[in-house]
Amino acid sequence: MSTLDLFSVPPSETADLLPRRFRDWFASRGWSPREHQLALLAKAREERSALLIAPTGAGKTLAGFLPTLVELSGELDRKGTHLPLKGGGRRVPARDGWGSAAGAEQAADPHPNPPPFRGREPDDLASDEIESKAVRPNLVSTGRGVRRSSGLHTLYISPLKALAVDIARNLETPVAEMGLPIRIETRTGDTPVSRRQRQRRYPPDILLTTPEQLALLLASDDAPFLFASLKRIVLDELHALVTSKRGDLLSLGLARLWTIAPHARAIGLSATVAEPEQLARFLVPQPGGARVSADVVTAGGAAPPVVEMLDTRERLPWSGHSARHALPEVYELIKRNKTTLVFVNTRSQAEMLFQDLWRMNDDGLAIALHHGSLDVAQRRKVEDAMAAGRLRGVVCTSSLDLGVDWGDVDLVINIGAPKGSSRLMQRIGRANHRFDEASRAVLVPANRFEVLECAVAIDAIAENAQDTPPLRTGALDVLAQHVLGCACGKPFLSDELYDEVRTAAPYAALSRTDFDDVVDFVATGGYALKTYERFARIKQDKQGRWRVTNPKVRQSYRLNVGTIVEETMLKVRLVRSRAGGSGSTGVIARGGRMLGEIEEVFIEGLVPGDTFVFGGEVVRYEALVEDQVYVSRANDKDAKVPSYMGGKFPLSTYLAERVRKLLDNSRAWKGLPDQVHDWLSLQRKFSRVPAVRELLVETFPRGGSHYLVCYPFEGRLAHQTLGMLLTRRLERARARPLGFVANEYALAVWGVGDLSFMIRHGKLDLNALFDPDMLGDDLEAWLAESALMKRTFRNCAIISGLIARRFTDEEKSRRQVLFSTDLIYDVLRKHQADHVLLRAARGDAATGLLDLRRLSDMLARIHGRITHKDLDHVSPLAVPALLEIGRESVYGEASDELLAEAAEELVREATT
Amino acid sequence: MADVDFVADCSGALFWERQSLLVVSDLHLEKGSSYAARGVLLPPYDTVATLSRLAAVIARHDPRQVIALGDSFHDRDAHARLSGPDREALAALQVRRSWIWIAGNHDPALPSSLGGVVATEVAIGPIAFRHEPTGAAGEIAGHLHPKARVPTRGRSIERRCFASDGERAVMPAFGAYAGGLSIRDAAFARIFGSPGFMAHVLGDNRVHAFVASRCY
Numbered sequence: 001m002s003t004l005d006l007f008s009v010p011p012s013e014t015a016d017l018l019p020r021r022f023r024d025w026f027a028s029r030g031w032s033p034r035e036h037q038l039a040l041l042a043k044a045r046e047e048r049s050a051l052l053i054a055p056t057g058a059g060k061t062l063a064g065f066l067p068t069l070v071e072l073s074g075e076l077d078r079k080g081t082h083l084p085l086k087g088g089g090r091r092v093p094a095r096d097g098w099g100s101a102a103g104a105e106q107a108a109d110p111h112p113n114p115p116p117f118r119g120r121e122p123d124d125l126a127s128d129e130i131e132s133k134a135v136r137p138n139l140v141s142t143g144r145g146v147r148r149s150s151g152l153h154t155l156y157i158s159p160l161k162a163l164a165v166d167i168a169r170n171l172e173t174p175v176a177e178m179g180l181p182i183r184i185e186t187r188t189g190d191t192p193v194s195r196r197q198r199q200r201r202y203p204p205d206i207l208l209t210t211p212e213q214l215a216l217l218l219a220s221d222d223a224p225f226l227f228a229s230l231k232r233i234v235l236d237e238l239h240a241l242v243t244s245k246r247g248d249l250l251s252l253g254l255a256r257l258w259t260i261a262p263h264a265r266a267i268g269l270s271a272t273v274a275e276p277e278q279l280a281r282f283l284v285p286q287p288g289g290a291r292v293s294a295d296v297v298t299a300g301g302a303a304p305p306v307v308e309m310l311d312t313r314e315r316l317p318w319s320g321h322s323a324r325h326a327l328p329e330v331y332e333l334i335k336r337n338k339t340t341l342v343f344v345n346t347r348s349q350a351e352m353l354f355q356d357l358w359r360m361n362d363d364g365l366a367i368a369l370h371h372g373s374l375d376v377a378q379r380r381k382v383e384d385a386m387a388a389g390r391l392r393g394v395v396c397t398s399s400l401d402l403g404v405d406w407g408d409v410d411l412v413i414n415i416g417a418p419k420g421s422s423r424l425m426q427r428i429g430r431a432n433h434r435f436d437e438a439s440r441a442v443l444v445p446a447n448r449f450e451v452l453e454c455a456v457a458i459d460a461i462a463e464n465a466q467d468t469p470p471l472r473t474g475a476l477d478v479l480a481q482h483v484l485g486c487a488c489g490k491p492f493l494s495d496e497l498y499d500e501v502r503t504a505a506p507y508a509a510l511s512r513t514d515f516d517d518v519v520d521f522v523a524t525g526g527y528a529l530k531t532y533e534r535f536a537r538i539k540q541d542k543q544g545r546w547r548v549t550n551p552k553v554r555q556s557y558r559l560n561v562g563t564i565v566e567e568t569m570l571k572v573r574l575v576r577s578r579a580g581g582s583g584s585t586g587v588i589a590r591g592g593r594m595l596g597e598i599e600e601v602f603i604e605g606l607v608p609g610d611t612f613v614f615g616g617e618v619v620r621y622e623a624l625v626e627d628q629v630y631v632s633r634a635n636d637k638d639a640k641v642p643s644y645m646g647g648k649f650p651l652s653t654y655l656a657e658r659v660r661k662l663l664d665n666s667r668a669w670k671g672l673p674d675q676v677h678d679w680l681s682l683q684r685k686f687s688r689v690p691a692v693r694e695l696l697v698e699t700f701p702r703g704g705s706h707y708l709v710c711y712p713f714e715g716r717l718a719h720q721t722l723g724m725l726l727t728r729r730l731e732r733a734r735a736r737p738l739g740f741v742a743n744e745y746a747l748a749v750w751g752v753g754d755l756s757f758m759i760r761h762g763k764l765d766l767n768a769l770f771d772p773d774m775l776g777d778d779l780e781a782w783l784a785e786s787a788l789m790k791r792t793f794r795n796c797a798i799i800s801g802l803i804a805r806r807f808t809d810e811e812k813s814r815r816q817v818l819f820s821t822d823l824i825y826d827v828l829r830k831h832q833a834d835h836v837l838l839r840a841a842r843g844d845a846a847t848g849l850l851d852l853r854r855l856s857d858m859l860a861r862i863h864g865r866i867t868h869k870d871l872d873h874v875s876p877l878a879v880p881a882l883l884e885i886g887r888e889s890v891y892g893e894a895s896d897e898l899l900a901e902a903a904e905e906l907v908r909e910a911t912t
Numbered sequence: 001m002a003d004v005d006f007v008a009d010c011s012g013a014l015f016w017e018r019q020s021l022l023v024v025s026d027l028h029l030e031k032g033s034s035y036a037a038r039g040v041l042l043p044p045y046d047t048v049a050t051l052s053r054l055a056a057v058i059a060r061h062d063p064r065q066v067i068a069l070g071d072s073f074h075d076r077d078a079h080a081r082l083s084g085p086d087r088e089a090l091a092a093l094q095v096r097r098s099w100i101w102i103a104g105n106h107d108p109a110l111p112s113s114l115g116g117v118v119a120t121e122v123a124i125g126p127i128a129f130r131h132e133p134t135g136a137a138g139e140i141a142g143h144l145h146p147k148a149r150v151p152t153r154g155r156s157i158e159r160r161c162f163a164s165d166g167e168r169a170v171m172p173a174f175g176a177y178a179g180g181l182s183i184r185d186a187a188f189a190r191i192f193g194s195p196g197f198m199a200h201v202l203g204d205n206r207v208h209a210f211v212a213s214r215c216y
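Same order as they appear, the protein sequences are chains A and B. According to the numbering used here, the residues represented by the first sequence are 1 to 912, in order. According to the numbering used here, the residues represented by the second sequence are 1 to 216, in order.
Pulled out of the complex, with its shape left as it was, chain A reads as follows (with noise of 0.2 Å):
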């Protein structure tokens, strides 16, 4: 056993770092303080703010606590308070890697006792006794009240409620056996408003928190005395928060704490990631111009994992996503093994496989189902169950990505696409959380498109080789959101609030003409006509200050505070078929057994009698009744519509580029399967291979349609607009596109026009079919209509402030806000079509739901590399992307073809 010890470090270094109550309480566990956890109470000494660089398992959260124990306990020592025993010091099996532990039998105890505080809430107690309780605290009077002369000094942000609940729990632990005076609180969505209000007047020493919720602390006028005191932010699962618009507004409290408390320094505690250094900088102010980042501080030592591919005995699919072919292997292993996380990309793809599972459950394993749309009590359940090594395997989704370790976990699969190699790095690192042993998982690729993948995968994993995304460009939706919780505390000048927020890494490079038309939006809404100046939601003062006008204006901010705009779900409820099934005429008995919730834009997408498989059971779609989803019991055994709506991570770039080397180097194919093998060979013969920068088009006739097949290997979402342009582009070239289809490697158009004729003659050139100019005209146009930009606009409309989803007096609901927005959108593009919420709307465009970004690069690094191909019939590599034909709904706009075609359907039918 690899054990790094206290001798790594030279022992006086050791002591003086770790006062002698911290040594002795390492020891009393079995266990050593690990170098790193050192290396960040070195970091904490020298004042400077570190990242922390650690897989699962490396005691990442002691360590990001450490020094503000050590600070806790020195600071009360050298005033000469009395410490008394907490607790009883009862020894807690280690569960979350806290330290390195000597002794395996500890860690592998299968009852983990609940730390001695657990049930002792803060609550409990009325806040007089707080006062006399053994902390002593010394009190100060404030004017206003008294309060504690230390205040608060940690702040801890998780991305997740539980966890932050968790790590509060878990922190109990040492802090009650070292007997340290420490109160330790939580602060979530759940927090009761007594304990709300006693927080700020009775700040704990330790505040574990979420982004949202120090959103809400920084918008009142009493946040300087809650943080004034500050001295060390934790930021917990720092990788999993900068990537979307929470980390955005997370960097601007983070900007308002450097403002209030300028001592304090932060601890970022993440994953392996592409690029610390850039990650880093979130950590620290950054000075106007120059680019400052925080220590950067490596856990070595993890042993690299185990990963390998399963090699079925079954003939691998062309196409699809659920894996089916390999369930019987994929129950073979979680019966070999103990505990077993089977991690999927989508809900609905773990609710097959999970009602697949059990279908063949025959030695009734304990297998459960974990995914974010179950209640939260029910993954709780899973979660706890997980912990006690009561399960076998648990099917997942992301929604285990995140979170503390829990239970003996010896083996993670992955199934379907890995997506990405740093994201498949965090999953396998859920495997053996004992950090010295090597993680074990087996991909099982669902696809032969998806074998490559894993295959690159692999490589990627032997390499370290990272690829998570760059840090982003804050978002200006955010800002205006930041921009309203500012003026809901104390007034702010301008001035001094753009070189602050300038100072969060995402927006230093942020323009003062979008910082002034951003708090000309909060005020007035931004428009070019001025006729809102009465209506303003904030209002200079003489000195030029900004306060809100109302504190109806307020009370709506503290509602619609955060940056996660849920999807509109409908209720799901159980009715009886009607007879006839598809006829929607008959009458819809209401009410029923409520089975769950769903998403609008999937129901959308359905017609009447098409089935799906919800809440492990395939169901009829029966009708929509406002908000109510009707649906009967279906008998057939399989979905006619798969609820695979792709997963919410396109394919990336790095693997993609990996994955265009291997088809390119036919002497790596020996290591892949031979159906995969055999199906390339084919793709040689008959087609191409396209080779790393090309772009490989074929073209072919097939049942009375022409085909136009290109693979850019770019991700989905990059091909949905790619097609969506190129459809256009048909159109006008006469080629009478009829519809497209896109996956993660491939893009297919068919129509009614004779492509290969056209190109053979002059009449279509491909050249200027692929040309990057189709981001120019065709791409605003399409913007004018498309449902993805009009659902991206939403969310920007809803995040910024300017429609409320939760309201104070009368409940609106949400479908409405979900129409409204759309008419808003058309509207505002119409009339000012610079207004910053399309700009922050084309803003996500580029790296979200329609992936701009990546469909340009692509374009421009194709451009006069593209290969074509006249086939006489589809190709091997070809024939994945047209199997997805009518499974995935068929995306093209809205038009009077379609319409149209729809009423002759209809009428044939009635006539005939």
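Honestly, the hints are just simulated from the structure, not real lab data. Just so we're clear, the structure is a prediction, and the values are computed from it rather than from any experiment. The beta carbon of each residue, even a glycine, is placed where N, CA and C say it ideally should be.
Facing chain A, according to a computed beta carbon distance under 7 Å, are these residues of chain B, among others: (1) 41; (2) 44; (3) 45; (4) 49; (5) 176.
Negatives, chain B to chain A, calculated, CB over 12 Å: (6) 5; (7) 61; (8) 64; (9) 65; (10) 76; (11) 119; (12) 120; (13) 122; (14) 123; (15) 134; (16) 167.
Since the structure of chain A is already known, use the hints to place chain B on it.
Okay, now just chain B, sitting in the frame of chain A:
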């Protein structure tokens, strides 16, 4: 309808050629500023957007008379908030034609200064024009903002529509910020009685007819 031929315009207006009468419903002018007064700062361009669409359809048919079928303004004070240019644009549309404002629930008391005549309902031949539908034969009403979702080739398209069974009709809302109510809502079943009524769905360049029960 009731032996009268109407042209359903794809803008959402209804044209009675023999009477040279154009009908539009639920303009909801100044809805944006109405929200703004309550703190929701919607873009203040809805009135100009609605009026310019109205100008286009009036230019297309050049009617002698125009009926605005109620809820022409989003609230009681909305007419007072019309901007100068919008007020002028509206006045220009009223030149050389008779203009009838039907009172709606949003604008029950319109002042005469707006030009035209204010009425609660109007009957022309066999047809009665009123804001809220009662289900009476020969009635053309608005108020409900019908919209329909039509399934086509594996996806669906949602648009505003006229709802009619040949005896009575409910017009789509014309206003830029007016939302919609699905024609599968019980409110329509109450007016039409049987589910056999039609949805005349507004396309980009024409109107498409569907049996309402086939929409959702």
